[in-house]
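Protein chains: 4
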Amino acid sequence: MTFQEIITLHPHPSSLDRNALQRCIEDCLDCAASCTACADASLSESDLPMLVRCIRLNLDCADACTATGRIVTRQTAPDLRVISASIEACAAACLACAEECERHAAHHEHCRVCAAVCRRCKQTCDDLLATIG
Amino acid sequence: MTFQEIITLHPHPSSLDRNALQRCIEDCLDCAASCTACADASLSESDLPMLVRCIRLNLDCADACTATGRIVTRQTAPDLRVISASIEACAAACLACAEECERHAAHHEHCRVCAAVCRRCKQTCDDLLATIG
Amino acid sequence: MTFQEIITLHPHPSSLDRNALQRCIEDCLDCAASCTACADASLSESDLPMLVRCIRLNLDCADACTATGRIVTRQTAPDLRVISASIEACAAACLACAEECERHAAHHEHCRVCAAVCRRCKQTCDDLLATIG
Amino acid sequence: MTFQEIITLHPHPSSLDRNALQRCIEDCLDCAASCTACADASLSESDLPMLVRCIRLNLDCADACTATGRIVTRQTAPDLRVISASIEACAAACLACAEECERHAAHHEHCRVCAAVCRRCKQTCDDLLATIG
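Residue numbers (the numbering used here), protein chains in the order written: chain A, 1 to 133; chain B, 1 to 133; chain C, 1 to 133; chain D, 1 to 133.
This is chain A alone, in the form it adopts within the complex (with noise of 0.2 Å):
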């Protein structure tokens, strides 16, 4: 998407990783879009009741990757505090939201498909925290 153009045209790069916080925006966004989508499609499954915790999960879950893709993607004057804690709860939001998913991936093609996209939104998330130390 054209806004990795624009990460790359700050005037004072951070020092991050740049490979490894480009890949961390976008993949929050599209896990806190996915997440989103998910919790949709499960309040139109007749197996409803069986989807609370799911549909719960995926709604944290894209709160957390929505406000960790803004922090994350901002590299004016950054907190290292700040960041590095975003970046572990929305690790912990996907993380919790993919082991749920996963429980109906099996009766679900949209929570198997989101699962995958909450695995590795958190990958890229250790990724980058890794990389800050």
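What the hints contain is simulated information worked out from the structure, not anything from laboratory work. Only a predicted model underlies this, so the values are computations on that prediction, with no experimental measurement involved. Glycine is no exception: its CB is placed at the ideal position from the N, C-alpha and C atoms.
Under 7 Å between C-beta atoms, here's a sample of chain D residues computed to sit facing chain C:
#: 1; residue: 9
#: 2; residue: 11
#: 3; residue: 12
#: 4; residue: 33
#: 5; residue: 74
#: 6; residue: 109
#: 7; residue: 113
Let chain A serve as the given structure and place chains B, C and D on it in line with the hints.
Below, chains B, C and D alone, put in the same frame as chain A:
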């Protein structure tokens, strides 16, 4: 991005035009991230006082695109008045932000690229509105 | 809440009616939180399948109110087209959510209270729009 | 605000301490709005270049508080790891923003008031975390 696949797996897809819908969601995400990145890059520019209006409209546009991207993603039990009004608000924010970013495009590449993303998102919103009637 | 004091400390306040503005921001915050809470309470109700449309409109209304609350809070270099369109989108979301919550008000207290918050926020949005002209 | 009443009407309230929970939600809302307003007021100050880091941390704190306020509001099928990590991220953002706002408190009343709101939200987050154990 993978979320597009989840949109197609909804058990009862909305009656909105699928292609127009998916482009709108993707452009809203890209525009929200682009405006967040452009506001942040502007904060680091040496001519920051010239960019105040740009930053303010970037922040508005990021908020409008984030909300509209979420609302348009939902296909369960849609209310077309809510969806149309949200897309119209998004288009208004994109237009205002594009016009302001264009005033700085000659001096700041991030404003030039962001203006193009905002123009495209404005057009995609208009296209989706046209299919709603 | 304390944020109201910060609104009054802006070095160059916007020309919008101060009282109408502050009520709109506060009602948007209250309505966003109320709709988030009502959607969540509905997810735990035994007649959940009857509440699907209510949850969907709660989520839309929370997103619209969050974005509009942020946009209306900003007084620097305002664009009245952006502000008006955002308030109109918020009013539309509040109205749709109020109407749906009212259908469940007899059975669920949280829907009854949430409907009243949505009605009030709709009115406050209309009042602020009337001062913009 | 009225949303507090809806929190109490949840059919299966979470096991979190009710008072600590409600104060956390309210302080997150107030802090998100305060930081949005402080960033905007700072954008209009004549010493704007001195306030760049303040604006950046205001924006981060608004995003963290908005996400955490939503996540903590949900009582259905909670995942305590997600909730704890989100509150910790919020507390980190509030602390960093408070420290930066305090550096400008002598010159800008909105920074002085915003710092106090951030300090209070940080404490309320810590208090809720302490009840989770």
